[in-house]
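2 protein chains.
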Amino acid sequence: MSYTKELGIKAKNAEPIIAGASTKLKNDALSAISKALTENAQLIIAENAKDLQAAKENNMSQAMQDRLKLDETRIAGMAKGVDELIALNDPIGQVIDGFERPNGLRITKKRVPLGVIGIIFESRPNVTVDAAALCLKAGNAVILKGGKEAINSNICLGKIMRDALEKCGLPADIIQVVDNTSRETTNELMKLNGYVDVLIPRGSARLIQAVVQNATVPVIETGAGNCHVYVDDSADIDMAVDITDNAKTQRPSVCNAIESLLVHKDIAEKFLPAIAERFKAHNVKIYGCDKTIDILGDTVEKATEIEYATEFNDYIIAVKVVDSIDEAIAHIRKYSTRHSECIVTKSLDSAHKFQKEVDAAAVYVNASTRFTDGGEFGYGAEIGISTQKLHARGPMGLAELTTVKYLIDGNGQIR
Amino acid sequence: MSYTKELGIKAKNAEPIIAGASTKLKNDALSAISKALTENAQLIIAENAKDLQAAKENNMSQAMQDRLKLDETRIAGMAKGVDELIALNDPIGQVIDGFERPNGLRITKKRVPLGVIGIIFESRPNVTVDAAALCLKAGNAVILKGGKEAINSNICLGKIMRDALEKCGLPADIIQVVDNTSRETTNELMKLNGYVDVLIPRGSARLIQAVVQNATVPVIETGAGNCHVYVDDSADIDMAVDITDNAKTQRPSVCNAIESLLVHKDIAEKFLPAIAERFKAHNVKIYGCDKTIDILGDTVEKATEIEYATEFNDYIIAVKVVDSIDEAIAHIRKYSTRHSECIVTKSLDSAHKFQKEVDAAAVYVNASTRFTDGGEFGYGAEIGISTQKLHARGPMGLAELTTVKYLIDGNGQIR
Numbered sequence: 001m002s003y004t005k006e007l008g009i010k011a012k013n014a015e016p017i018i019a020g021a022s023t024k025l026k027n028d029a030l031s032a033i034s035k036a037l038t039e040n041a042q043l044i045i046a047e048n049a050k051d052l053q054a055a056k057e058n059n060m061s062q063a064m065q066d067r068l069k070l071d072e073t074r075i076a077g078m079a080k081g082v083d084e085l086i087a088l089n090d091p092i093g094q095v096i097d098g099f100e101r102p103n104g105l106r107i108t109k110k111r112v113p114l115g116v117i118g119i120i121f122e123s124r125p126n127v128t129v130d131a132a133a134l135c136l137k138a139g140n141a142v143i144l145k146g147g148k149e150a151i152n153s154n155i156c157l158g159k160i161m162r163d164a165l166e167k168c169g170l171p172a173d174i175i176q177v178v179d180n181t182s183r184e185t186t187n188e189l190m191k192l193n194g195y196v197d198v199l200i201p202r203g204s205a206r207l208i209q210a211v212v213q214n215a216t217v218p219v220i221e222t223g224a225g226n227c228h229v230y231v232d233d234s235a236d237i238d239m240a241v242d243i244t245d246n247a248k249t250q251r252p253s254v255c256n257a258i259e260s261l262l263v264h265k266d267i268a269e270k271f272l273p274a275i276a277e278r279f280k281a282h283n284v285k286i287y288g289c290d291k292t293i294d295i296l297g298d299t300v301e302k303a304t305e306i307e308y309a310t311e312f313n314d315y316i317i318a319v320k321v322v323d324s325i326d327e328a329i330a331h332i333r334k335y336s337t338r339h340s341e342c343i344v345t346k347s348l349d350s351a352h353k354f355q356k357e358v359d360a361a362a363v364y365v366n367a368s369t370r371f372t373d374g375g376e377f378g379y380g381a382e383i384g385i386s387t388q389k390l391h392a393r394g395p396m397g398l399a400e401l402t403t404v405k406y407l408i409d410g411n412g413q414i415r
Numbered sequence: 001m002s003y004t005k006e007l008g009i010k011a012k013n014a015e016p017i018i019a020g021a022s023t024k025l026k027n028d029a030l031s032a033i034s035k036a037l038t039e040n041a042q043l044i045i046a047e048n049a050k051d052l053q054a055a056k057e058n059n060m061s062q063a064m065q066d067r068l069k070l071d072e073t074r075i076a077g078m079a080k081g082v083d084e085l086i087a088l089n090d091p092i093g094q095v096i097d098g099f100e101r102p103n104g105l106r107i108t109k110k111r112v113p114l115g116v117i118g119i120i121f122e123s124r125p126n127v128t129v130d131a132a133a134l135c136l137k138a139g140n141a142v143i144l145k146g147g148k149e150a151i152n153s154n155i156c157l158g159k160i161m162r163d164a165l166e167k168c169g170l171p172a173d174i175i176q177v178v179d180n181t182s183r184e185t186t187n188e189l190m191k192l193n194g195y196v197d198v199l200i201p202r203g204s205a206r207l208i209q210a211v212v213q214n215a216t217v218p219v220i221e222t223g224a225g226n227c228h229v230y231v232d233d234s235a236d237i238d239m240a241v242d243i244t245d246n247a248k249t250q251r252p253s254v255c256n257a258i259e260s261l262l263v264h265k266d267i268a269e270k271f272l273p274a275i276a277e278r279f280k281a282h283n284v285k286i287y288g289c290d291k292t293i294d295i296l297g298d299t300v301e302k303a304t305e306i307e308y309a310t311e312f313n314d315y316i317i318a319v320k321v322v323d324s325i326d327e328a329i330a331h332i333r334k335y336s337t338r339h340s341e342c343i344v345t346k347s348l349d350s351a352h353k354f355q356k357e358v359d360a361a362a363v364y365v366n367a368s369t370r371f372t373d374g375g376e377f378g379y380g381a382e383i384g385i386s387t388q389k390l391h392a393r394g395p396m397g398l399a400e401l402t403t404v405k406y407l408i409d410g411n412g413q414i415r
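Protein chains in written order, with the working numbering: chain A, 1 to 415; chain B, 1 to 415.
One chain only, chain A, in its complex shape (with noise of 0.2 Å):
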């Protein structure tokens, strides 16, 4: 039998014990989770010290060395990020809907565990640790399987896990990652119908497009981010610039920072001078229209079609002049991952026309799409910010690690 299979198997068996848990013992585990990472800080930096040591060797760029590092105050970080799911309350066992049939018949639907949950992810090796918790408190068993850059930091933490589990009676094999960096096992991992019930994958748009096409098993799709601020003809002007600027430059490498910016023309001589001002801060590159060329020079360059459908990620913005709010709405469709999208404003009409329209798993006015966040929306945690439309659609707290079942109670009906 494979390895991969193996941990599906695993996986399956330990899934029925975490699913049946009570939150007090699914909150001891957690506790005993949090005090686990603590108490084992210096074995952890030195195991993330091997990962480092091979980064350097790779001549793996600094940012990427910075976030694969793990120094005590990260992993209190890690620790308290564990705590406060405790304080969270449990999904399982929520009534959802509840009804009397004519017949007779009871039917009560229930929120249960999702069952198996495989993470595939890549980068920083907090995400084991985040998400083997989130997963827990939800009652599901998860198989985790990170990128090769951080294998001795995620081993490491999975045995840390995995211990504290035991000591609290629990299965170890609710808690899994996957002890190699072979590709065939996350091939195999895609297609264990059967044994995984979801997959969730985390990282580059590379990694998640390589699960989406190849696995059989569902996927939750996360996080592209192809944003826009729409400044409408009636926005507050200063309002305007601070949106655009925060959404812009706060975090440009997060999939809720935006990349396009469109101006209705009748603001955009008073507008564009004021944002491109206050962008000289943090040396944001401009692409841009005809008419923002005509308006701010000829320091910016000109945007093609290749500007306005990239995710830049960087402190790179595309802008567009636009005759209509119904413009800036076709060209959203056009070119939005349907993540976050916003308009400022100050009609009324601008704004429920843009929100109604707008196809996108969050949709602002006057507000900047960085809140699009389990943390900013009061979920307490994420487990990734679902881009797709199927079973969950943005920030995923706990109750979207959940499905659902019927029970129905009747005394002797039949057909």
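Don't take each hint at face value.
Identical chains share a label here; the pair holds if one copy fits it or two copies do between them.
[Stated by the list, open to error] Heads up, simulated DSSO-like pairs for lysine-lysine below, C-alpha to C-alpha not over 27 Å straight-line: (1) Lys24 <-> Lys353; (2) Lys356 <-> Lys110; (3) Lys24 <-> Lys356; (4) Lys69 <-> Lys10.
Simulated from the structure, these hints should not be mistaken for laboratory data.
Once you've looked at the hints, dock chain B against the given chain A.
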């Protein structure tokens, strides 16, 4: 450009119009479709006759020919089904959740259409109308790919519905019926990411697995039902006989009929002869374990792993005597397709244990599994019964043909 991609583009162009349509307009369109079906009954029957002629020439079984046949009564039934959707509440626009964050952001979670739904089906042409009408009511565009046996009927039904849409001022491309029977179109439809938001296969297990294995578009898996009745030691014998007989023989070809019967050893000697007597009316063929054979005699054939794993869809049942409810639950865990499972019992403990530990879309206490159905649940109509855990589980009504959108209203909030 391929024919299939053209279908996708046309659907995406029609999508925002039906997504934004008022409930009244959608209901008017349903009413127009229902009327057009009735008025064009003779045309439908004539086109259906071509399919029936081809079926005869290809020696299709009489039962299959019967499923294919449309007559005035069946057409009236289809029209009535469409009319009944008018009375159902429109799920679109429903506010599912809403809250205000400490920073003043007001967040509203609203139901919106999924977008473009692809249905791949075989057998009965009435699926063409049922599925199109459900998708329409939930604000979606739909692409229907039926089987080659019903191609003339399907094209005719599609044309009638499209004409009715245009008479209401809606684009015909809200409903598209694939007008060829090529496998290539099906394969392309399964990979039409960006144009099709979800695929729902309906038909044989073979068809459904082909879609699950090959699609890169998200799929909702429907249908497979290896369902069980477990007769607990405390069961009322008469009730257990009625429920088991109904669940097996009332309509054995459907997914919510049972395939296996589990009986507690302490009740087996009383219950098994009673149910065997009842089964005689339908000549139900019984496979059984050694204890079953001991009790019922050697008209019972020995059951193997194969019988316990088979969805017979026929007057055949596999029986096993178990030592305990735990053995019954373990057996179900091993063989069930997680569709519908039933316990007959007088014990509150057994009822609770069974409903908690059995993992299935619908778990019954003292009622026939045959109730797992959109109509029986009061959902008015269904597009299928989901046997996967993502997005939808159990009977899928209008709500399952929707997704959500977060609307966020601020007054200049930035991070």
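Now the hints, each set against the structure:
no.	hint	verdict
1	Lys24 <-> Lys353	between (47 Å within a copy, 19 Å between copies)
2	Lys356 <-> Lys110	between (31 Å within a copy, 10 Å between copies)
3	Lys24 <-> Lys356	between (43 Å within a copy, 17 Å between copies)
4	Lys69 <-> Lys10	neither (31 Å within a copy, 49 Å between copies)
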